[in-house]
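With the hints as constraints, model all of the structure from the sequences given.
The lines below spell out each chain.
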Amino acid sequence: MSLIEIKNLFFEYKEGIKVLKNINLFLSKSEVVAIIGQNGSGKTTLVKHFNGLLRPTKGEIIINDETTIKKSVAELSHTCGYVFQNPDDQIFNSVVEDEVAFGPTNMGIKGIELKVRVDEALKTVGLFEEKKKHPLDLDLNQKKLVAIASIVAMNPELIILDEPTTGQDHAGLIKVETLINELRKTHTVVIISHDMNLVARVADRVIMMCNGEIIFDGSPKEAFTKNDLMKKTYLKPPIITELAQSIKGFRKDILTVDEFMEELIRLRKNKK
Amino acid sequence: MDIINFKNFSWKYSGYRGWTLHNINISIKKGEFIGIIGKIGSGRTTFCSSMLGLVPHFYPGIMEGEIIIDGVNVKETSISELSSHVGLAFQSPANQLTGAGTTIEEELAFGLQNLGVPYEEMNKRIKDMLKLIGLEKFGKRSPFELSGGQQQKVAIASVLIMNPNVLVLDEPTSQLDPLGTEQVFDMVKKLSKKGITIIMSTNNINYLSKFADRIVLFDNAIIKVDTPNKILTDIELLKKHSLTHSDITEVSIRLKKMGLYKGELLVNLEDLKKVVQGLIK
Amino acid sequence: MASIGLSSYVEKDSFFHTINPLTKLVILLCVIIMSFTLSGFVYILLLLLIIIPIAIKSKVLSLTFKPIFKLSFMFILLFIIQGLFHPYATKKLMDLPFGFTLWEDGLLYAAYIASRLFVMMVFGYWFVLTTHPGDLVSSLTKIGLPHALGYIILTTLQIIPRISGQMQTIIDAQRSRGLETEGNLFQRIKSFMPLLGPLFMGSVQQSVEKSMALEARAFSSKGKKTSYRKTNITNMDKIIMTITIIFSITWGVLSWIL
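Top line first, the protein sequences correspond to chains G, W and B.
Residue numbering for the first sequence follows my numbering, beginning at 17 and increasing consecutively.
Residue numbering for the second sequence follows my numbering, beginning at 3 and increasing consecutively.
Residue numbering for the third sequence follows my numbering, beginning at 774 and increasing consecutively.
By construction, these hints were calculated from the structure, which means they are not laboratory data.
Glycine residues also receive a C-beta, built at the ideal position from the N, C-alpha and C atoms.
There may be inaccurate statements among the hints.
Unchecked claim - Here are the simulated DSS-like pairs of lysine-lysine, each with C-alpha atoms no more than 25 Å apart in a straight line:
id : chain 1 : residue 1 : chain 2 : residue 2
1  : G       : K248      : W       : K139
2  : G       : K252      : W       : K142
3  : W       : K14       : G       : K149
4  : B       : K1003     : W       : K139
5  : W       : K142      : B       : K963
6  : B       : K1003     : W       : K126
7  : W       : K77       : B       : K983
Claimed, not checked - Covered, in the sense of this in silico footprint (three residues per stretch, anywhere, with C-beta under 8 Å from a C-beta of chain B), are these stretches of chain G:
id : region
8  : 61 to 70
9  : 178 to 191
Stated by the list, open to error - With the Cβ distance kept under 10 Å, some of the chain W side facing chain G (calculated, not the full set):
id : residue
10 : Q177
11 : V227
12 : S248
13 : V278
The following block contains the structure:
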């Protein structure tokens, strides 16, 4: 079932520079979609249309069978949650739980329900213990999780994560990955990322953008075998994929160490 | 010859309880390429800033021990003086642009003006530097019009132009896209080949495995200093300090377990490629 | 992002682009002083005869007068208000319908103000168009403006586009969490904290990083500094300055005795 449907979307800035060209897209419920591409390829511009931060020059965005043209960002935020790249651009409260409560409060949620939502969201991201802390006392990994929790608490059907692993160390990376796998059970998740390891691990579907157009839409396995497209967007597949692709005889669509070992064993058997 | 020498160096920021860096001892030779790894909050940034004297001159706190760089004692030397010995570049490209110049040439000139370098010399150094970073044609453009990777290259060049013998890079690619990352890494590789001593903090272990001479693992102290192969394949050590090993190493571990491979654990793609090719031939 | 931010400097290959900013500053100051001291607005307006050839030679003629045209509405309003409602008006020019009166001294007063503004704006804008902010600051530091102050002036010109870009990101981030930034006054005031909080924290963080970057480039170095942009006072500059001052005094005296 489709959650978002985008039809013939064009977007240009005032000067007439086309930033998005003829985008057509369906996002189904409960899938994890990765949007990849170089900076300036239109990834962020595209997702800003989902919750109305930007409005199309031409074309239409339909969410749950309703057109979004007349809906405000505040209304759309109930369905489309957007977590910005830099948590410092949004954190303003002096207590973590107040920060997380901001979104639901704007939706008019009060009292017990508000408390339950905030607690649940903090538990989901694993920050329940830190809920009374000052956000400034958190490290970069945790601040990012606060930002995610503040959207999770609004319980939107779609959650957009813009560069969720930028500036994170290994521990942060693992947390984000686990979190995405948790969220996918109940939400549609869109990630914008340069981190191909993350994309290989969590995405069901990859959308590749270049110069404002979608140049590929398919599975991560397929995406990483499109060497010409990857080159065009200056992206490199995960190192294990790169290794497999560099060895004659190996399958080109290997994403994990497990797959690599299986393939190696298969090739050794064939040899015998 | 040692160009950098830390002797029992410790640092505590005022207002914080614990030591951010504790009892640091390390000697670095001229022309070495040192990779710095560690989790968030492990003191890597503080270590990097200490070489330019931001710690102890810019930030308030308590310092113990001694740092000698390029023949000068950091504690007794002002940051401006140190800037002729050590160049420091950090994460955000835009925040490093002074904004005092409207063109890349002027941005590069900023440090030289402060040092009182005469115009002819300045002009020559700027031309050379633009060539080195491959932005000859962009000299008159505004640095704010550049891509992130190019901006970072300008930021590095703008400290390099002051002719320091040591270049310190604190996560120079963490805010860049893959293309920008590649541009900056290529530049660093080139500088290292020219003989400049490089200290680079990054968690891109695939890059470090190829180009670093030694790697330092930080966790509020120096945990271990060794060759890339030794440190990056020590999976227990990495795990203990919230880091992880590369998939390349993982494959070599599994090959060893299966008895298909007997040598050292690997971090380098090319090395593993040869081993695997041998196995399926 | 605009490359020089607020500054409207236009790069052109012209004589007036190459002369020292201080020389142009002297011209501008003389014009400002004259516009307040000359007797008779006609004398003030005659100064425009001078700016036209200068602006043509500087290759920025239409740009120099552009802001004036944009503000022509303001000038018309000035004449209407002063002509009809000048508080100390005594000389009647004519009666108008609906009981309004057009006052001669009101119009005269408006003409004075308008000519002053007009001349100052045109010269001021010509100055901005032809003077690179870097050159201005570097020449000012040469005659004693503190180095740090010079830097602050320069970066202030650049910081505004950056802050507004960051503000837009913060607005987008908070709107995505359901914040209403439009609507009645109460709603707008309520949205202050979520917007200004992150902006303030971000600016603090940025200025810390920026000052480190400056230190890394020997900003507080004590010795003599040099300048990449050449701003020497040439003989030509001295000649122009002298002519300007002599002309101003003569013109001023003439306006009072004629």
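Tested hints:
With a CA separation close to 23 Å, the supplied pair G:K248 and W:K139 stays within the 25 Å bound. Between G:K252 and W:K142, the direct Cα distance comes to roughly 32 Å. Violation of the 25 Å bound is thereby established for this hinted pair. Proposed proximity of W:K14 and G:K149 is supported: the alpha carbons are some 23 Å apart, at most 25 Å. Of the pairs offered as hints, the one joining B:K1003 and W:K139 holds, with about 22 Å between alpha carbons and a cut-off of 25 Å not exceeded.
A threshold of 25 Å between alpha carbons decides the hint, and for W:K142 with B:K963 the separation of about 45 Å lies outside it, so the pair is violated. Distance hint between B:K1003 and W:K126 is fulfilled; the C-alpha atoms sit about 15 Å from each other, no more than 25 Å. Restraint check: the Cα-Cα separation between W:K77 and B:K983 comes to about 22 Å, which is no more than 25 Å; the hinted pair holds. Check result for the region 61 to 70 of chain G against chain B: holds, 3 residues qualifying (beta carbon to beta carbon below 8 Å, three or more required).
A stretch counts as covered by a chain when three or more of its residues have a beta carbon under 8 Å from one of that chain; for the region 178 to 191 of chain G and chain B the count is 0, and the coverage is violated. A distance limit of 10 Å between C-beta atoms decides the matter here; for W:Q177 the minimum to chain G is near 7 Å, and the interface restraint holds. A distance limit of 10 Å between C-beta atoms decides the matter here; for W:V227 the minimum to chain G is near 20 Å, and the interface restraint is violated. This hint holds: W:S248 has a C-beta 7 Å from the nearest C-beta of chain G, less than the 10 Å allowed.
Interface restraint check: W:V278 against chain G, minimum CB-CB distance 6 Å, threshold 10 Å, status holds.
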